[in-house]
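> So the sequence lines, in the order shown, correspond to chains A and B.
First residue of the first sequence: 1, per our numbering; consecutive thereafter.
First residue of the second sequence: 1001, per our numbering; consecutive thereafter.
FYI, nobody ran anything at the bench for these hints, they're computed from the structure.
Note that the structure is predicted; figures quoted are calculated from it, not measured.
Hints are supplied without guarantee of correctness; some may be wrong.
List of simulated lysine-lysine pairs, DSS-like, C-alpha gap at most 30 Å [stated by the list, open to error]:
{"hint": "1", "chain 1": "B", "residue 1": "K1227", "chain 2": "A", "residue 2": "K159"}
{"hint": "2", "chain 1": "B", "residue 1": "K1221", "chain 2": "A", "residue 2": "K159"}
{"hint": "3", "chain 1": "A", "residue 1": "K366", "chain 2": "B", "residue 2": "K1092"}
{"hint": "4", "chain 1": "A", "residue 1": "K127", "chain 2": "A", "residue 2": "K97"}
{"hint": "5", "chain 1": "A", "residue 1": "K152", "chain 2": "B", "residue 2": "K1227"}
{"hint": "6", "chain 1": "B", "residue 1": "K1098", "chain 2": "A", "residue 2": "K26"}
{"hint": "7", "chain 1": "A", "residue 1": "K177", "chain 2": "A", "residue 2": "K204"}
{"hint": "8", "chain 1": "B", "residue 1": "K1098", "chain 2": "A", "residue 2": "K15"}
{"hint": "9", "chain 1": "A", "residue 1": "K93", "chain 2": "A", "residue 2": "K57"}
{"hint": "10", "chain 1": "B", "residue 1": "K1354", "chain 2": "A", "residue 2": "K150"}
{"hint": "11", "chain 1": "A", "residue 1": "K70", "chain 2": "A", "residue 2": "K16"}
{"hint": "12", "chain 1": "B", "residue 1": "K1299", "chain 2": "A", "residue 2": "K150"}
{"hint": "13", "chain 1": "A", "residue 1": "K76", "chain 2": "A", "residue 2": "K88"}
{"hint": "14", "chain 1": "B", "residue 1": "K1227", "chain 2": "B", "residue 2": "K1275"}
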Amino acid sequence: MVLEKLGEAINAGIKKITNAIFLDKKLIDGIVRDIQRSLIEADVNIELVFALSERIKKVAYDESIKGIDKKEQLVKLIHDEILSLLGKKKELKLHKKTSIMFLGLYGSGKTTTIAKLALHYSKRGRKVALLGLDTDRPAAMDQLEQMAAKAKVQAFIDKVEKDPLKIIKKYESALKKYDLVLIDTAGRDGLNKELIKQIKKLDKELKPDYRILIMPADIGQVAKTQSEEFQKALSIDGVIITRMDGTSKGGGALTACAETKAPVFFIGTGEQLHEIETFEPVAFINRLLGMGDLQSLLEKVKSASSESETKRMEDRLKEGKFTLLDLYSQLEQMNKMGSIDKLVGMIPGMSEAKVPKDLLDKQESKMKHWKSAISSMTEKEIENPQILEKETSRIKRIAKGSNTTTTEIRELLKQYKLLKEMMGLDGIQEGKIDQKTIQKMAKKFKGKIKF
Amino acid sequence: MFGSLKEKLKNWIKKSSEKNTLEKTPKKEIIKKEKSKKTPKKSSKKIKKEEKKIKEEILEDEIIENTQTIEEKSKEKKSFFGVFKRFLTEEKFEELFKGLELILLQNNVAYEAVQAVRDELSNNLIGKNIKEIDLAEELKKGIGSILINPPNFIDEIKGSLEVKSPFVILVCGINGSGKTTTIAKLANYLQKNSLSVCLAAADTFRAASIEQIEVHATNLKIPLIKKDYGSDPASVGFEGITYAKKNSIDVVLIDTAGRMQNSASLMREIEKIVKVTKPDMKIYLGESITGNDAIEQAKTFNDSINLTGIILSKADVDEKGGTAISVALVTKKPILFLGTGQNYEDLEIFDKDKLIEKLGL
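Hey, can you work out the whole structure from these sequences and the hints?
Encoded structure:
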């Protein structure tokens, strides 16, 4: 099952929350946007996606929840929201004698799935029979016959008869000998009234114990309408999702089921007859996020939390050790905060209108250059940037080695000095940067910061 | 197909242009007011004060008019900064595009494709004079730049037949997309255009696939070349071509087994079939109901065997229709036909202009 991409995006979001020093609006919006995007790409219904992001934002913006609490709550929220998107687990309970009718769109994999289930249940001691009622598609009966032979179960088919009702009559008594009857029907579009009428007729005649909808994993935004229509017409008992072995994430099918309250019983994961699994939402989400349960997830938040990072920084400052690498991580952190915007906005005389729109982009590309410049430095230079100013040949060497200019490196050094000075301010040493501190910073460095 | 998308897009364009006109009117007033005040020197401070005054006046006006929502008022304030620059800014564009984005996503256009439309539009529109922007026209261009009109299918084949015979068409796609049904429709279409056809049953994997294509061959009275289940699909294709050469048949249609694009061994198999049969046309058969994965599917098939074109099946099921845009974007290949039903005649030639027209643009 290829779900890495969706899992990655959600994990990245959780990691960002965990590592962030401040959960400000900009950061939250960014995370929500990433999760939104990944869910949309997984074909989750758009309305659901937006509703979910609103709920995340609501908690995130709530000023009354603070610090670690907020992080925990957010992670739990994301976890629970996605779990609820997947729906609840429900097992398919078989009685002593059970009949199940399968229906779905064309080419969704009804016949293959039936054969898989036949094998699944006959292995578990059931006497299984297949009933073929797909009289529309050429060779559908042959397909069921061949699949039944592979699964070593009996198939009741009629290659000539065109009326499924007559086929039902024909085999009515013969089928009574079996514990489990799996009924194959023709593919149909849930929006086609004629075909829905037909399946209703079959349903009335067969009175199956269960009606199961088959849906392919790669179905897009149509998933919702289709499942709704089938649900309306027949009250579906559950769903089996096929083609879960592809690159699609099954988001459309899965969430459509959760929304129409139809549980997902099984997922099909390949072309071979044994490739069918029961669907476990909790295990599914754990696989998606690549970690154990929620508890361990929350613990991860606590341990990997930024507190330690802030602490480390504090200690370094107290020791008077503030290197270029620290500068870099600080700058990165500040960029995330959108602090350039904030700082600029607070400096009197610098109205928004005067700040070029591409400033942040420029800053980012500058950061990239700085990063490579720092990588080109020796350990000694990183720890004591002062020596660069004394021995300018070093700057030339670094510029050459990192494909940057000496001007850029000088600028980096200037920023370093500036920030080192800034770090001397009270608030920051305590690990708190609030609006006031920023204002103080802005006042102190008015006119000194140039972008 | 495309019914709902069309309606929504129309609404969106209407709304957006309404917004635009709403915003235009107060702007004119502002300009007039400015003139009447006749500022001698445009020192920035004075202008700022004036701006405030004018802003207040506008707000009053609006309250009197009582027609605009609070949201729009705040927009007005923002756009007020743009008195001096009546150009579409990036922010304004983002705002306008948000609505369109949602509509496209709801209509099954893959996220990547939506971003492409957005880039296209933003490149064309940002910095332009707001008055000059024809939203409908730009949107039409944006979508139009993604879709490619197919060449005339029959002419293409007939042209090629003058040089080389037979014309070989390979159809591939993922499981259950409707390859066999579509091949029967294609065979029917070719026959109607007085081309002789034979089928090669190269799906030797799926149960009853050979029986299925056999039924179609009998119905349409065309020869079928088949082998046993489990035999090499490339050799079935090759034999189809040999048969066509011997019997001077114009077109060979090769039906292949459905394969998931992420199954490396099956993708190697299709590459081998291509190598052996050297098809003149490689058609990817996609479903119009597929969501975002359509991009991944079409892309992988295109990367591995360099497709000639695409057919989208089940277009009658999907009232949304965004998949056409997604698939065309990622492969940059034309969509040849749309499959629109269970009968042999249910094959529609894809027409980009018709589609755009259907969208109501």
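> Can the restraint linking A:K93 and A:K57 be considered satisfied, given a maximum Cα separation of 30 Å?
Distance ~40 Å between A:K93 and A:K57 Cα, so the pair is violated.
> Check the hint pairing A:K177 with A:K204 against an upper bound of 30 Å on the C-alpha distance.
holds, 21 Å
> Take the C-alpha atoms of A:K70 and A:K16, compute the straight-line distance between them, and say whether it is at most 30 Å.
holds, 13 Å
> Are A:K152 and B:K1227 close enough, with their CA atoms no more than 30 Å apart?
holds, 24 Å
> Verify the proposed pairing of A:K366 with B:K1092, using a straight-line Cα cut of 30 Å.
holds, 27 Å
> Does A:K159 sit within 30 Å of B:K1221, going by the straight-line distance between their CA atoms?
holds, 20 Å
> Between the alpha carbons of B:K1354 and A:K150, is the straight-line distance 30 Å or under?
violated, 47 Å
> B:K1227 and B:K1275: Cα distance at most 30 Å?
holds, 19 Å
> Taking 30 Å as the top limit, are the C-alpha atoms of A:K76 and A:K88 close enough?
holds, 17 Å
> Please work out if B:K1098 and A:K26 have their alpha carbons no farther apart than 30 Å.
holds, 18 Å
> Between the alpha carbons of B:K1227 and A:K159, is the straight-line distance 30 Å or under?
holds, 22 Å
> Decide if the proposed pair is consistent with the structure: B:K1299 and A:K150, CA atoms, cutoff 30 Å inclusive.
Violated, at roughly 34 Å.
In summary, the numbered hints that this structure violates are 9, 10, 12.
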